Amino acid sequence: MSKVVIGVFDEHDAAESAIRELKSQGFDREISMVARDSEETGGGMGGQDLTTGTVTGGTLGGLAGLLAGAGALLIPGIGPIVAAGPLAAGLTGVVTGGVAGGLIDYGIPEARGEYYEDQLRRGSILVTLKSSAEKVDLAASILRNNGAQDVETHG
-11 MSKVVIGVFD EHDAAESAIR ELKSQGFDRE ISMVARDSEE TGGGMGGQDL
39 TTGTVTGGTL GGLAGLLAGA GALLIPGIGP IVAAGPLAAG LTGVVTGGVA
89 GGLIDYGIPE ARGEYYEDQL RRGSILVTLK SSAEKVDLAA SILRNNGAQD
139 VETHG
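Residue -11 in my numbering sits at position 1 of the sequence shown; the count goes up by one each step and never skips.
Bear in mind the hints are in silico, worked out from the structure with no lab data behind them.
Given the structure is predicted, the values throughout are model-derived calculations rather than measurements.
From the three backbone atoms N, C-alpha and C, an ideal C-beta is built for every residue, glycine too.
Possibly wrong hints are sitting among the right ones.
Unchecked claim - Computed spacing ranges between beta-carbons, pair by pair:
id	residue 1	residue 2	range
1	132	95	33 to 43 Å
2	9	138	11 to 21 Å
3	121	64	15 to 25 Å
4	99	121	20 to 30 Å
5	95	11	31 to 41 Å
6	17	125	11 to 21 Å
Claimed, not checked - Cut-off 20 Å, straight-line C-alpha distance, at most; resulting in silico cross-link-like pairs (PhoX-like, lysine-lysine):
id	residue 1	residue 2
7	123	11
8	11	-9
9	-9	123
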């Protein structure tokens, strides 16, 4: 049975480093990333087209480029975000439930989904992945070793 591991990052470089290490350990198809794009948080995705979900450069665009299925979304109450990986597909249909609704659908308990949405609103970067029970400790360790805060496993 797969479990969801999630970590909150304050720095783009730390999140990128974690994603690169996770990919090198064979987690590449399971990794997702969600980050708010806001000038107040220094996000700076560069150009984006929220209509088509195209990300065209900048720090977050480069981070999302590490993963498949990257796109930009406009989430009520949060604003523009960039999401990549399997979780991104679940967020594209989310309007009223916000990011918390997408995280709940992904296997995160409701209270924690709301917490992570708040962290995203504050400018943090969420890195999530689905992992087998055998590899969940390795995944959590990689996130922690690269500077993730509040690393948790669900499922």
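Do the hints match the structure? See the list:
1. 132 / 95: 33 to 43 Å: Violated, since residue 132 and residue 95 (Cβ atoms, about 20 Å apart) do not stay within the stated range.
2. 9 / 138: 11 to 21 Å: 18 Å Cβ-Cβ, so the 11 to 21 Å window holds.
3. 121 / 64: 15 to 25 Å: At roughly 36 Å between Cβ atoms, residue 64 and residue 121 fall outside 15 to 25 Å, so the hint is violated.
4. 99 / 121: 20 to 30 Å: Given range 20 to 30 Å: holds, Cβ gap about 23 Å.
5. 95 / 11: 31 to 41 Å: 21 Å Cβ-Cβ, so the 31 to 41 Å window is violated.
6. 17 / 125: 11 to 21 Å: 19 Å, holds
7. 123 / 11: 13 Å, holds
8. 11 / -9: Answer holds: residue 11 to residue -9 is near 17 Å, not above 20 Å.
9. -9 / 123: Holds - the C-alpha atoms of residue 123 and residue -9 are around 9 Å apart, at most 20 Å.
In this structure, the hints that do not hold are numbers 1, 3, 5, in rising order.
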